[in-house]
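So the sequences go chain by chain: A and B. For the first sequence, numbering that gives the first Met the number 0 gives the first residue as 0, with consecutive numbering after it. For the second sequence, numbering that gives the first Met the number 0 gives the first residue as 0, with consecutive numbering after it.
Among the hints, a few may not be true.
One-sided and incomplete, this derived list gives chain B residues near chain A with beta-carbon spacing under 7 Å [stated by the list, open to error]:
1) 2
2) 12
3) 13
4) 66
5) 71
6) 83
7) 87
8) 91
Calculated from the structure, these hints are not laboratory results. Computed from a predicted model, the values in this text were never measured in an experiment. Using N, Cα and C, we set each Cβ at its ideal position, and we do this for glycine too.
Read off the chains here:
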Amino acid sequence: MFFTRNKLYLFLSILCTAGYFWIYFNLTKNPIINTDVCLFKHVTKIPCPSCGSSRSITQIIQGNIQQALYLNPLGFISAFLLLITPFWIIIDVILQKKTLFNWYKKIEYFVKKPKIAILFIILIIINWIWNIKKEL
Amino acid sequence: MEAQKVDMFILANGKFFEAHNINIIRDKLLLIDDSKWAVLSTIQFKDPTTSLIVSILAGGFGIDRFLIGDTGLGIGKLLTCGGMGIWTIVDWFMIQDATRAKNMEKIQQFLY
Numbered sequence: 000m001f002f003t004r005n006k007l008y009l010f011l012s013i014l015c016t017a018g019y020f021w022i023y024f025n026l027t028k029n030p031i032i033n034t035d036v037c038l039f040k041h042v043t044k045i046p047c048p049s050c051g052s053s054r055s056i057t058q059i060i061q062g063n064i065q066q067a068l069y070l071n072p073l074g075f076i077s078a079f080l081l082l083i084t085p086f087w088i089i090i091d092v093i094l095q096k097k098t099l100f101n102w103y104k105k106i107e108y109f110v111k112k113p114k115i116a117i118l119f120i121i122l123i124i125i126n127w128i129w130n131i132k133k134e135l
Numbered sequence: 000m001e002a003q004k005v006d007m008f009i010l011a012n013g014k015f016f017e018a019h020n021i022n023i024i025r026d027k028l029l030l031i032d033d034s035k036w037a038v039l040s041t042i043q044f045k046d047p048t049t050s051l052i053v054s055i056l057a058g059g060f061g062i063d064r065f066l067i068g069d070t071g072l073g074i075g076k077l078l079t080c081g082g083m084g085i086w087t088i089v090d091w092f093m094i095q096d097a098t099r100a101k102n103m104e105k106i107q108q109f110l111y
């Protein structure tokens, strides 16, 4: 997808809104109801690398940082992104700047460097193995 | 560039681009200098079929997006379990056009 600034902001807004609704749903739902939505987990019965992030975020909101870290450390990244992105978009739209867009491009460029990419891939795989061991 | 060379390029690489872009590429290629042929023939394009296969097999982790160079979206897809499965399914239908658009982006850097 050839992203322009406005397209990216629209897409990120939709993603964030969906994320907040999902967290709200997770916080208020009946704990007995099973709400696993991960396609990979349903098909293979193995948790995916990011399974447990929503549970991790709900634990962060409830203040159980240690439990959140145990469930899935990726939850912290998701929570951080969910927290800052809406504000960043609003500020950018009001001031008619494109700082977030430029950052997005910079991060894409940074992550594409082979050394960084390999490091991230290894970290994700370690997290995945841990997820499978924890049987999330 | 000679029309023959341009047509050869279009024949060999037409499948990597969206149909409506082919004429634009052809017109632009006819205008550019012959000396750029060597560089042009070394540009590697991503195959839409490959990305579709990757999308079906590993779309849930965003590997398809990483493959075509949309690293940002790939990370987004990975962190959200493939957008709770919805984004994964949407991408089965979107990824081929996304790949072609990426190829167009790549050749545009060369054409302009």
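Hints, verified against the model:
Residue-level restraint check for residue 2 of chain B is violated (minimum Cβ-Cβ distance to chain A is 28 Å; threshold 7 Å). Among the interface hints, the one on residue 12 of chain B is violated; its C-beta lies about 18 Å from the nearest C-beta in chain A, farther than the 7 Å criterion. Here the hint on residue 13 of chain B is broken, as its CB sits about 19 Å from the closest CB of chain A, past 7 Å. A distance limit of 7 Å between C-beta atoms decides the matter here; for residue 66 of chain B the minimum to chain A is near 12 Å, and the interface restraint is violated.
Because the smallest distance between the Cβ of residue 71 of chain B and any Cβ of chain A comes to about 5 Å, under 7 Å, the interface hint for this residue holds. About 4 Å separates the beta-carbon of residue 83 of chain B from the nearest beta-carbon of chain A, less than 7 Å, and the hint is met. Hint status for residue 87 of chain B relative to chain A: holds, with the closest Cβ pair at about 6 Å, below 7 Å. Given hint, residue 91 of chain B at the interface with chain A, is violated; its Cβ is 11 Å from that chain's nearest Cβ, farther than 7 Å.
The structure is inconsistent with the numbered hints 1, 2, 3, 4, 8, although it conforms to all the rest.
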